[in-house]
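In order, the protein sequences belong to chains A and B. Heads up, the numbering used here is the position in the first sequence plus 91, with the first residue counted as 1. Heads up, the numbering used here is the position in the second sequence plus 1, with the first residue counted as 1.
Since the hints were made in silico from the structure, they are not lab data. Incorrect hints may have been included.
Said to hold, decoys possible - So the derived list for chain A, only partly shown, Cβ under 7 Å to chain B, looks like this:
#, residue
1, Arg104
2, Gly111
3, Ala112
4, Ala118
5, Cys122
6, Leu126
7, Ile128
8, Met137
9, His142
10, Thr145
11, Leu146
12, Ala256
13, Leu257
14, Thr517
15, Trp521
What the hints assert, rightly or not - Below, computed lysine-lysine pairings styled on DSS-like, alpha-carbon distance capped at 30 Å:
#, chain 1, residue 1, chain 2, residue 2
16, A, Lys180, B, Lys329
17, B, Lys70, A, Lys180
18, B, Lys70, B, Lys329
19, A, Lys494, A, Lys481
20, A, Lys450, A, Lys494
21, B, Lys329, A, Lys133
22, B, Lys240, A, Lys180
23, A, Lys688, A, Lys563
24, A, Lys201, A, Lys251
25, A, Lys133, B, Lys296
C-beta: ideal position from N, C-alpha, C; glycine also.
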Amino acid sequence: MAVAEDRRRIGTRLIALQMGAIVMFAALGICFWVLQIVQHSKYEEMAENNHQRTLALRAPRGVMFDRNGKVLVDNRNSFTVSIVREHTKNLDRTVELLSSVAGLDPKQVKQIVDRHRGEPSYRPIVVIEDASLAQVAAITARRLDFELPDVVVEEVPTRKYPTDALAAHLFGYVAEASDTQVGDGVLQGDIIGQQGIEKAYNKLLMGEDGARRVVVNSMGREMRMIEEIPPTEGRRVQLTVDYDLQKAAEDGFRHAGFNGAALIMDPRNGEVLTYTSLPSYDPNDFAAGIDRATWASLNTDKLRPLQNRVLQGRYSPGSTFKIVVATAALEEGLVTPDHHITCNGGATFFGRYYKCHLKGGHGSVDMRHAIEKSCNVYFYTLGNMLGVDKIYKWAQKLGLAGKTGIDLPNEQESIVPNTEWKLKRTGERWYPGETISVAIGQGQVSVTPASLAVMISTVANGGTRVTPHVIKAIDEGGGWKTVPPPAVADHVAFKPETLSALRDGLWMVVNANGTGGRGRVEGRDVSGKTGTAQVISNEGRARAKGSGKDLRDHGWFVFFAPRDNPEIAGVIFGEHNEHGFLGAPIARHVIETYFAKKEGRPLPVLEPKNAPPAKPEEDPDSPPVLDAIEVADSRSGDTVTVAQN
Amino acid sequence: MFEKRLYYHIDWAMLAAILALCLMGVVQIYSATASSGQTLHVTQLYGIVLGLLAMTVCLAIDYRSLADKSLFLYIGIVGLLVFVLFFGVVRGGSRRWIDLGPLNLQPSEFAKATVALVLAKFLGDSRRGAIMRGDLLIAGAITAVPFLIIARQPDLGTAVTLLPVLFAVAFVAGMPMRIFGILALVAVLAAPLAWKFALQDYQKERVSTFLDPEADAKGAGYQQLQARITTGSGGPWGKGFQNGTQGQLRFLPVAHNDFIFSVLAEEHGFAGVMVALGLYLFVILRALESARLAKDRLGAYLVVGVLASFTFQVIYNITMSAGLAPVKGLTLPLMSYGGSSMIATLAGFGLILNVRMRRFTN
Chain A
92 MAVAEDRRRI
102 GTRLIALQMG
112 AIVMFAALGI
122 CFWVLQIVQH
132 SKYEEMAENN
142 HQRTLALRAP
152 RGVMFDRNGK
162 VLVDNRNSFT
172 VSIVREHTKN
182 LDRTVELLSS
192 VAGLDPKQVK
202 QIVDRHRGEP
212 SYRPIVVIED
222 ASLAQVAAIT
232 ARRLDFELPD
242 VVVEEVPTRK
252 YPTDALAAHL
262 FGYVAEASDT
272 QVGDGVLQGD
282 IIGQQGIEKA
292 YNKLLMGEDG
302 ARRVVVNSMG
312 REMRMIEEIP
322 PTEGRRVQLT
332 VDYDLQKAAE
342 DGFRHAGFNG
352 AALIMDPRNG
362 EVLTYTSLPS
372 YDPNDFAAGI
382 DRATWASLNT
392 DKLRPLQNRV
402 LQGRYSPGST
412 FKIVVATAAL
422 EEGLVTPDHH
432 ITCNGGATFF
442 GRYYKCHLKG
452 GHGSVDMRHA
462 IEKSCNVYFY
472 TLGNMLGVDK
482 IYKWAQKLGL
492 AGKTGIDLPN
502 EQESIVPNTE
512 WKLKRTGERW
522 YPGETISVAI
532 GQGQVSVTPA
542 SLAVMISTVA
552 NGGTRVTPHV
562 IKAIDEGGGW
572 KTVPPPAVAD
582 HVAFKPETLS
592 ALRDGLWMVV
602 NANGTGGRGR
612 VEGRDVSGKT
622 GTAQVISNEG
632 RARAKGSGKD
642 LRDHGWFVFF
652 APRDNPEIAG
662 VIFGEHNEHG
672 FLGAPIARHV
682 IETYFAKKEG
692 RPLPVLEPKN
702 APPAKPEEDP
712 DSPPVLDAIE
722 VADSRSGDTV
732 TVAQN
Chain B
2 MFEKRLYYHI
12 DWAMLAAILA
22 LCLMGVVQIY
32 SATASSGQTL
42 HVTQLYGIVL
52 GLLAMTVCLA
62 IDYRSLADKS
72 LFLYIGIVGL
82 LVFVLFFGVV
92 RGGSRRWIDL
102 GPLNLQPSEF
112 AKATVALVLA
122 KFLGDSRRGA
132 IMRGDLLIAG
142 AITAVPFLII
152 ARQPDLGTAV
162 TLLPVLFAVA
172 FVAGMPMRIF
182 GILALVAVLA
192 APLAWKFALQ
202 DYQKERVSTF
212 LDPEADAKGA
222 GYQQLQARIT
232 TGSGGPWGKG
242 FQNGTQGQLR
252 FLPVAHNDFI
262 FSVLAEEHGF
272 AGVMVALGLY
282 LFVILRALES
292 ARLAKDRLGA
302 YLVVGVLASF
312 TFQVIYNITM
322 SAGLAPVKGL
332 TLPLMSYGGS
342 SMIATLAGFG
352 LILNVRMRRF
362 TN
């Protein structure tokens with residue numbers, strides 16, 4: 092029957108539909124089973140990444156104190172403005188709007204964003220460091236209006252140097268880690284020390300960043316906090332430096348009117364009391380990311396303010412080197428302090444005539460007077476008796492050759508030539524004639540101010556080559572712990588007569604008829620030696636005339652005080668100041684400050700200079716000789732060297 | 002008109018399942034929107050009440066007399082669709098709604114049941130046993146008119162839900178299987194052409210996004226990926242009522258509407274999903290049972306027609322909610338927020354109950 096057949100067909104097809112529905116729903120059930128049971132952990136993680144954000148809380152870097160507890164390097168809070176691209180629909184619009192709100196150049200903002208394009212999109216890209224309050228207010232207002240939901244304003248601790256440019260090269264500066272610095276506990280975007288103590292002790296100072304885990308919605312807006320791990324502040328560090336002495340040295344340079352370097356330390360243990368390199372820079376400029384113009388001007392400045400002259404400047408030591416030669420001759424037993432040599436204004440060695448700076452000659456002088464008067468002929472003769480290798484040996488023992496081992500980065504090696512060194516470097520043997528100029532600190536002798544400070548300290552303390560260092564104590568969390576001074580680098584017990592001769596000679600330089608009279612401090616028995624570092628040979632000077640370069644000589648003053656049981660020793664390097672003795676007043680001011688402070692008297696103040704410049708004075712250190720050929724240029728031993736002290 | 006004995010033949014079990022799904026919907030709408038101070042769940046409750054009224058009306062009138070007047074209903078609904086095309090309210094880029102003051106009416110939702118009614122009437126009246134090609138062409142034309150108008154709104158999603166109505170009714174009415182085969186073949190062959198000429202760019206994007214959602218996780222693939230994350234992160238037991246993160250924090254948009262099932266999956270897990278799927282399957286099987294029990298072909302066709310668009314939408318929306326189908330603005334009947342959809346769906350179930358209830362009457 093048709094109707095029955097009809098019914099049966101409908102029934103069959105309906106059952107087919109029912110079966111189809113069951114199959115479809117079973118398939119759906121399986122899909123959900125796979126998603127929710129099998130792959131659950133994967134999607135759970137993705138959901139967490141969606142709505143949980145871990146924000147780094149930057150740790151404040153360790154505070155630095157001077158040896159008396161004065162804060163030298165601190166932290167302040169600054170605002171950074173960042174873009175989080177994660178939920179940004181239109182990055183160009185955000186950049187455009189943020190730039191106009193904050194008054195920035197959109198092109199530069201775009202560049203910053205492009206530079207970080209490869210990073211995960213949830214990581215904030217810092218667009219403004221150290222934003223002004225006006226910028227913060229303007230941006231926050233727009234954020235509340237949902238116009239800039241992808242812009243984050245954070246308060247972060249930032250390095251502060253309350254003393255501005257004081258001791259800038261000692262502290263160094265901080266900046267964001269470069270790609271090559273990432274690793275070994277340093278993460279991308281971390282602020283790390285780039286120079287000075289900030290770099291050398293970065294691990295201690297850096298501290299440990301904290302973290303805050305928060306829940307954000309799809310707009311990136313923070314909804315609530317899950318947990319907060321507070322940051323751990325970097326270790327507090329006490330430096331060996333004395334703020335008042337540091338300031339005295341820098342005031343002294345300002346008062347004297349030239350740039351240069353000074354390293355003054357306690358010769359008994361190597362604690363650095365002042366560390367100065369001028370001209371300087373303001374490390375505050377780097378703390379929140381240095382702007383391009385400042386960076387460019389620091390780099391192109393002809394005076395090179397970024398150069399750390401104490402450790403990186405190498406100059407010929409001039410007459411200060413005579414201390415090394417005197418020590419060598421006495422300790423090697425070649426001469427006694429009473430050994431007399433007659434100076435007639437010059438002497439002939441290996442067929443060449445070498446001049447002394449005093450035309451008429453010093454007459455017959457012993458060691459003490461030779462040091463006092465800085466007699467070239469005396470030291471030519473000693474140098475010739477010693478030979479270059481013995482000079483080198485004693486330069487090394489006194490700490491003038493190689494590195495001082497100070498706990499600061501990028502130290503240059505000081506060079507004192509010797510036969511092996513020359514052979515290795517040039518393939519040529521050493522000519523005895525070259526020794527003559529080395530004996531008065533010329534030729535290829537090239538040393539850093541730091542190594543000269545160590546040399547004078549070794550003489551001052553009687554033969555112990557201490558290692559200069561800048562950290563006195565560290566607070567590891569449980570109070571101050573003194574850092575043991577680094578091991579003594581070398582120790583020679585000088586013969587008593589060596590010591591007394593050196594000390595007498597150097598005392599006479601300052602307190603008798605020597606060149607260091609300006610360093611004299613009543614009752615303190617300051618002892619020292621001046622020297623001139625020739626910038627260019629007289630011949631070269633003529634060639635370079637009109638090039639605009641500053642070719643004036645540098646001046647040295649190495650000193651210690653008091654003569655017996657010295658407590659303070661160091662070097663003043665005056666850049667292009669022409670006369671070593673002009674550095675002596677700086678030393679005097681520091682020494683006066685040192686003793687005033689020690690004895691609880693008011694600290695001395697330098698009177699501003701009003702007097703018209705006095706007429707040029709005679710300087711026995713200045714090169715008196717007309718012709719000078721650099722030893723490096725010579726191919727033979729019979730070379731005339733400028734005699735200067 | 003409403004005889005007392007008919008009351009005993011109402012399919013109470015199916016009605017209970019339907020109401021249970023509606024309530025799950027209200028709970029999820031509350032979860033997704035109440036925290037932001039909205040009261041959409043209350044509006045939805047009004048929608049359900051109105052829907053139950055519509056259901057009662059559809060139940061009260063014998064489906065046969067309704068079918069007799071189906072042509073007028075059809076002409077009426079086509080008229081409304083044309084009206085919407087010119088005077089409708091534009092929202093989200095398409096013109097779908099008639100503004101009635103407190104509520105907006107979406108005529109396309111009502112087109113589904115109407116088309117089912119007309120097709121059932123037309124094919125049920127056919128004197129021949131199995132339907133012929135001529136009948137099929139006329140049935141196709143009946144479907145095509147509202148289809149094209151709705152597609153013009155443009156609302157391709159809703160328009161497409163009319164196609165299952167046509168195919169399901171034709172299938173049950175005995176359309177030869179080889180015609181299905183031919184149609185399938187034509188569809189496969191036409192797909193590349195459609196890709197090239199017929200689809201809009203945004204539609205192409207949706208399809209290509211579907212094939213590889215993570216390739217464009219920020220743009221068009223975002224919602225699909227988020228839907229998958231939402232579902233998957235729910236796990237076996239879910240994160241708890243109002244404790245979902247994906248929906249609550251708006252990583253997944255329209256959590257109370259198109260993606261309500263994702264949020265259900267997130268907050269109540271696989272267990273909740275199983276309950277909901279079970280209820281839907283129960284309703285569908287129960288309705289097909291009504292079709293089998295129907296007194297006449299008209300009744301059976303009507304049930305199948307109404308059920309076809311419902312089932313299609315349920316399966317598509319749930320697949321999409323799991324992030325396994327391209328994102329299309331298709332709501333989940335009975336659960337998603339939306340008055341017109343709720344009223345039309347419940348009215349449709351009124352018709353299904355009607356057929357079952359009157360299986361013994363003459």
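Comparing the hints with the structure gives:
1. Arg104: holds (5 Å)
2. Gly111: violated (9 Å)
3. Ala112: Interface hint status for A/Ala112: holds (5 Å vs cutoff 7 Å).
4. Ala118: violated (9 Å)
5. Cys122: Cβ of A/Cys122 sits 6 Å from chain B, so the hint holds.
6. Leu126: Hint on A/Leu126: holds, closest Cβ of chain B at ~4 Å, below 7 Å.
7. Ile128: holds (6 Å)
8. Met137: holds (5 Å)
9. His142: Where the cut-off is 7 Å and the nearest Cβ of chain B is about 5 Å from A/His142, the hint holds.
10. Thr145: Result: violated, 16 Å to nearest chain B Cβ.
11. Leu146: violated (17 Å)
12. Ala256: Not OK, violated: A/Ala256 not within 7 Å of chain B, min 48 Å.
13. Leu257: With a minimum Cβ separation of about 51 Å from chain B (threshold 7 Å), the hint on A/Leu257 is violated.
14. Thr517: This hint is violated: A/Thr517 lies away from chain B, its Cβ roughly 65 Å from the closest one there, beyond 7 Å.
15. Trp521: Hint violated; A/Trp521 Cβ to chain B Cβ min 72 Å, cut 7 Å.
16. A/Lys180 <-> B/Lys329: Cα-Cα ~21 Å, so holds.
17. B/Lys70 <-> A/Lys180: Violated, at roughly 52 Å.
18. B/Lys70 <-> B/Lys329: Outside the cut-off at roughly 34 Å; violated.
19. A/Lys494 <-> A/Lys481: Holds, at roughly 19 Å.
20. A/Lys450 <-> A/Lys494: violated (37 Å)
21. B/Lys329 <-> A/Lys133: Holds, because 25 Å separates the two Cα atoms, which is no more than 30 Å.
22. B/Lys240 <-> A/Lys180: Roughly 29 Å separates the two Cα atoms, so the pair holds.
23. A/Lys688 <-> A/Lys563: holds (19 Å)
24. A/Lys201 <-> A/Lys251: Answer holds: A/Lys201 to A/Lys251 is near 29 Å, not above 30 Å.
25. A/Lys133 <-> B/Lys296: Given pair A/Lys133, B/Lys296 is violated - Cα atoms ~52 Å apart, limit 30 Å.
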